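> Below, each chain spelled out in residue letters.
There are 2 protein chains.
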Amino acid sequence: MHEFDLIRQIEPFAADHKDVKVGIGDDAAVTSSYAHKDVISCVDTICEGIHFKRSTLHLSDIGYKALAVNLSDIAAMGGMPRYYIVSLAMSPDWQEEEILEIYRGMNALAQHYGIILIGGDTVSSQNGLMVSVTVLGEIEKNRSLLRSSAREGDIVFVSGTLGDSRGGLELLLSRESAVPRTEQENALVGIHQRPEPQIALGQLLKESGCRIALNDISDGLSSETWELAEASNVCICLEEENIPVSEDATNLFGKQKGYEYALNGGEDFQLVGTVAKTHWPTIQSAAKEKGIRLSAIGSVEQEGSPQVLMQKNGERTVIKRAGYRHQ
Amino acid sequence: MHEFDLIRQIEPFAADHKDVKVGIGDDAAVTSSYAHKDVISCVDTICEGIHFKRSTLHLSDIGYKALAVNLSDIAAMGGMPRYYIVSLAMSPDWQEEEILEIYRGMNALAQHYGIILIGGDTVSSQNGLMVSVTVLGEIEKNRSLLRSSAREGDIVFVSGTLGDSRGGLELLLSRESAVPRTEQENALVGIHQRPEPQIALGQLLKESGCRIALNDISDGLSSETWELAEASNVCICLEEENIPVSEDATNLFGKQKGYEYALNGGEDFQLVGTVAKTHWPTIQSAAKEKGIRLSAIGSVEQEGSPQVLMQKNGERTVIKRAGYRHQ
Numbered sequence: 055m056h057e058f059d060l061i062r063q064i065e066p067f068a069a070d071h072k073d074v075k076v077g078i079g080d081d082a083a084v085t086s087s088y089a090h091k092d093v094i095s096c097v098d099t100i101c102e103g104i105h106f107k108r109s110t111l112h113l114s115d116i117g118y119k120a121l122a123v124n125l126s127d128i129a130a131m132g133g134m135p136r137y138y139i140v141s142l143a144m145s146p147d148w149q150e151e152e153i154l155e156i157y158r159g160m161n162a163l164a165q166h167y168g169i170i171l172i173g174g175d176t177v178s179s180q181n182g183l184m185v186s187v188t189v190l191g192e193i194e195k196n197r198s199l200l201r202s203s204a205r206e207g208d209i210v211f212v213s214g215t216l217g218d219s220r221g222g223l224e225l226l227l228s229r230e231s232a233v234p235r236t237e238q239e240n241a242l243v244g245i246h247q248r249p250e251p252q253i254a255l256g257q258l259l260k261e262s263g264c265r266i267a268l269n270d271i272s273d274g275l276s277s278e279t280w281e282l283a284e285a286s287n288v289c290i291c292l293e294e295e296n297i298p299v300s301e302d303a304t305n306l307f308g309k310q311k312g313y314e315y316a317l318n319g320g321e322d323f324q325l326v327g328t329v330a331k332t333h334w335p336t337i338q339s340a341a342k343e344k345g346i347r348l349s350a351i352g353s354v355e356q357e358g359s360p361q362v363l364m365q366k367n368g369e370r371t372v373i374k375r376a377g378y379r380h381q
Numbered sequence: 055m056h057e058f059d060l061i062r063q064i065e066p067f068a069a070d071h072k073d074v075k076v077g078i079g080d081d082a083a084v085t086s087s088y089a090h091k092d093v094i095s096c097v098d099t100i101c102e103g104i105h106f107k108r109s110t111l112h113l114s115d116i117g118y119k120a121l122a123v124n125l126s127d128i129a130a131m132g133g134m135p136r137y138y139i140v141s142l143a144m145s146p147d148w149q150e151e152e153i154l155e156i157y158r159g160m161n162a163l164a165q166h167y168g169i170i171l172i173g174g175d176t177v178s179s180q181n182g183l184m185v186s187v188t189v190l191g192e193i194e195k196n197r198s199l200l201r202s203s204a205r206e207g208d209i210v211f212v213s214g215t216l217g218d219s220r221g222g223l224e225l226l227l228s229r230e231s232a233v234p235r236t237e238q239e240n241a242l243v244g245i246h247q248r249p250e251p252q253i254a255l256g257q258l259l260k261e262s263g264c265r266i267a268l269n270d271i272s273d274g275l276s277s278e279t280w281e282l283a284e285a286s287n288v289c290i291c292l293e294e295e296n297i298p299v300s301e302d303a304t305n306l307f308g309k310q311k312g313y314e315y316a317l318n319g320g321e322d323f324q325l326v327g328t329v330a331k332t333h334w335p336t337i338q339s340a341a342k343e344k345g346i347r348l349s350a351i352g353s354v355e356q357e358g359s360p361q362v363l364m365q366k367n368g369e370r371t372v373i374k375r376a377g378y379r380h381q
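Protein sequence lines, in the order shown, are assigned to chains G and X. The numbering of the first sequence is this note's numbering, which starts it at 55 and goes up by one. The numbering of the second sequence is this note's numbering, which starts it at 55 and goes up by one.
Do not rely on the hints blindly, as some may be mistaken.
Pairs of lysine-lysine residues, derived as DSBU-like cross-links and limited to a Cα-Cα distance of at most 30 Å, are as follows [stated by the list, open to error]:
#	chain 1	residue 1	chain 2	residue 2
1	G	Lys-107	X	Lys-331
2	G	Lys-75	X	Lys-311
3	G	Lys-75	X	Lys-72
4	X	Lys-331	G	Lys-75
5	X	Lys-75	G	Lys-195
6	G	Lys-342	G	Lys-311
7	G	Lys-91	X	Lys-91
8	X	Lys-75	G	Lys-91
9	X	Lys-374	X	Lys-107
10	X	Lys-311	X	Lys-107
11	G	Lys-344	G	Lys-91
12	G	Lys-309	G	Lys-366
13	X	Lys-342	G	Lys-72
14	G	Lys-309	G	Lys-107
15	G	Lys-75	X	Lys-107
16	X	Lys-72	G	Lys-195
17	G	Lys-195	X	Lys-309
18	G	Lys-91	X	Lys-374
19	X	Lys-374	X	Lys-309
20	G	Lys-331	G	Lys-342
21	G	Lys-91	X	Lys-195
22	G	Lys-374	G	Lys-311
23	X	Lys-195	G	Lys-72
24	G	Lys-91	G	Lys-342
25	G	Lys-309	G	Lys-195
26	X	Lys-72	X	Lys-91
27	X	Lys-309	G	Lys-75
28	G	Lys-72	X	Lys-75
29	X	Lys-91	X	Lys-342
30	G	Lys-195	X	Lys-195
31	G	Lys-107	G	Lys-91
32	G	Lys-331	X	Lys-75
33	G	Lys-195	G	Lys-331
34	X	Lys-309	G	Lys-72
35	X	Lys-311	X	Lys-195
One-sided and incomplete, this derived list gives chain G residues near chain X with beta-carbon spacing under 8 Å [said to hold, decoys possible]:
#	residue
36	Ile-104
37	Gly-133
38	Glu-355
Derived from the structure by calculation, the hints contain no laboratory data. Here the structure is a predicted model, which is why all the values come from computation and not from measurement. A virtual CB, placed ideally from N, CA and C, is assigned to each residue, including glycine.
Isolated chain G, as found in the complex (with noise of 0.2 Å):
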């Protein structure tokens, strides 16, 4: 397939937008700026093989997780997505249907969020299919939500439930696809296959004006929890009985390995996170508006050396940041 030919393809995503002056089919995307926002970017790729087998996504959930990763990291940040531009490299046993495919996955997405494809580069691979999706958003000037801004005294909190997709990998990955799913199991594969990024909610953080660090979790609990414990330089302590183990999970896969793959199972993309004890209510309520689970966690006990523990039954163990590896 000739790099020209899909150009011409997916014109159709890439809307007109007064913002966009140059969109897909010149070097450059040149996209417009205001002096009072900041430029939120980010990149994200997934492999086959690794990240995803032809057997585990759909071609069309292949594009739409591509870009569901992406837009998890700008909710992470309480920021907007705006526009994205991709990168495919594919091997010749990959067919131009099949990459149309992969785009109209992610077409779905943008549109649900109204953001706009402004750039696409195809090139060739000597094996199997990578995509690496750039998203740029915009926020209010020096507004981002950041994972060094845990302080002691903060409620952890995270949305939704967890380990839910790592139960829906474990179903594609141990059964033939032939075989009827019950409803349980659909929600954990749908989970899986097309995440919810937390856009939503990255805005209400953000709009609530309090201090709040925010991580998304794309590796597992234990892992992203870490990361704000090692960026803010604090303690944390979360309980065992609040963790918001997906039920699903727990009653296909039994209470251990449900509490398994909440901690360390990876590619929830809820959004963990921490604020002051006083904003918490008013923070929490403000989610339930919305239709958006907010569960408490945890605390942030001490600022010093980063650590992170999991009590259970009055007892602490430090958690070890395991979080699922591809491979």
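Following the hints, complete the assembly by docking chain X onto the known chain G.
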């Protein structure tokens, strides 16, 4: 290698700068924006076995080139590069020290242009190394130099000489690196391994305030001139005797090969563009003053159905949009 360890090692490349509010180490980067500027963004990916082999590029050259191809895109818009974000996908046979050496190569080029690393992502791949670089830059509002600006009566110009990079690649592919090279051979190999993005020329052309169509030569003169013709919907006629074919390539590979490399060799990363005849002398001498060679190689003949012709001894033929295809 744990990603976190890599981040610590590359942090020295992420210089402090007042416009970088959040650099590497959080979910996304946050940079200042200015109301009188537009944001320019582009991404390019290079893959092991396709765009380079360990035998054709040193480790630091891989990094240098992955960044350089993006800077060339920014140059072709008349923009100034400011920041870069790196996404690496690597198979287990790549070592930490090798990855650092790649970053060092990027850093060498970045320092030259005062560009700052604001994000880095490292993932596993099943096979080989893939380096995807995103560059963010800026340009005064509505001043970008587009491919679509060519008009009837324009002079077509090109910078530097063409075919050097392909000559260098041929030398690298055909010989053991242990065989000593002549100075002439080294010059070609150097241009292939460390092409110089034409940032200064892009700036000069933008500063001129003239209407200028511009494109960078990543695939080859034929293919890039076709892009100008199609984007501007014009017929372009090039004159064979005026194309600045690499003398070194001609000396080493003969006149015919030298010409082929110039037309379809690719990766010269020179700029090809068009400007009104009346402005050409000023543009050419302004470039000369900065030590940049610009050659007039043809003209824009008429608006209408896009075409690229080559004139030789009074005869004209349509040139094929060939370009070097990586494998």
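> Taking only the CA atoms, is the gap from Lys-331 of chain X to Lys-75 of chain G under or equal to 30 Å?
holds, 27 Å
> Regarding the pair Lys-342 of chain X and Lys-72 of chain G, is the alpha-carbon distance no greater than 30 Å?
violated, 38 Å
> Are Lys-91 of chain G and Lys-342 of chain G close enough, with their CA atoms no more than 30 Å apart?
The hint holds at about 28 Å.
> Does the structure keep Lys-374 of chain G and Lys-311 of chain G at a Cα separation of 30 Å or less?
At roughly 16 Å apart (the allowed maximum being 30 Å), Lys-311 of chain G and Lys-374 of chain G satisfy the hint.
> Can the hint on Glu-355 of chain G be confirmed by a CB-to-CB distance to chain X that is less than 8 Å?
Violated. Min distance 23 Å.
> Given the hinted pair Lys-311 of chain X and Lys-107 of chain X, is their Cα-Cα distance within 30 Å?
Roughly 23 Å between the alpha carbons, so the hint for Lys-311 of chain X and Lys-107 of chain X holds.
> Lys-331 of chain G and Lys-342 of chain G: Cα distance at most 30 Å?
holds, 17 Å
> So if I understand the rule, the pair passes when the alpha-carbon distance is 30 Å or less; does Lys-72 of chain X with Lys-91 of chain X pass?
Answer holds: Lys-72 of chain X to Lys-91 of chain X is near 17 Å, not above 30 Å.
> Hint check: Lys-331 of chain G vs Lys-75 of chain X, CA-CA at most 30 Å. Holds or violated?
Between Lys-331 of chain G and Lys-75 of chain X the Cα gap is close to 27 Å, so the pair holds against 30 Å.
> Between the alpha carbons of Lys-309 of chain X and Lys-72 of chain G, is the straight-line distance 30 Å or under?
The hint is violated at about 49 Å.
> Below or equal to 30 Å on CA atoms is what counts here, so check Lys-75 of chain G against Lys-107 of chain X.
violated, 37 Å
> Does Lys-309 of chain G pair with Lys-107 of chain G here, judged by a C-alpha cut-off of 30 Å?
Holds, at about 28 Å.
Figure legend: structure checked against the earlier numbered hints; hints not met, in rising order: 1, 2, 13, 15, 17, 18, 25, 27, 31, 34, 35, 38.
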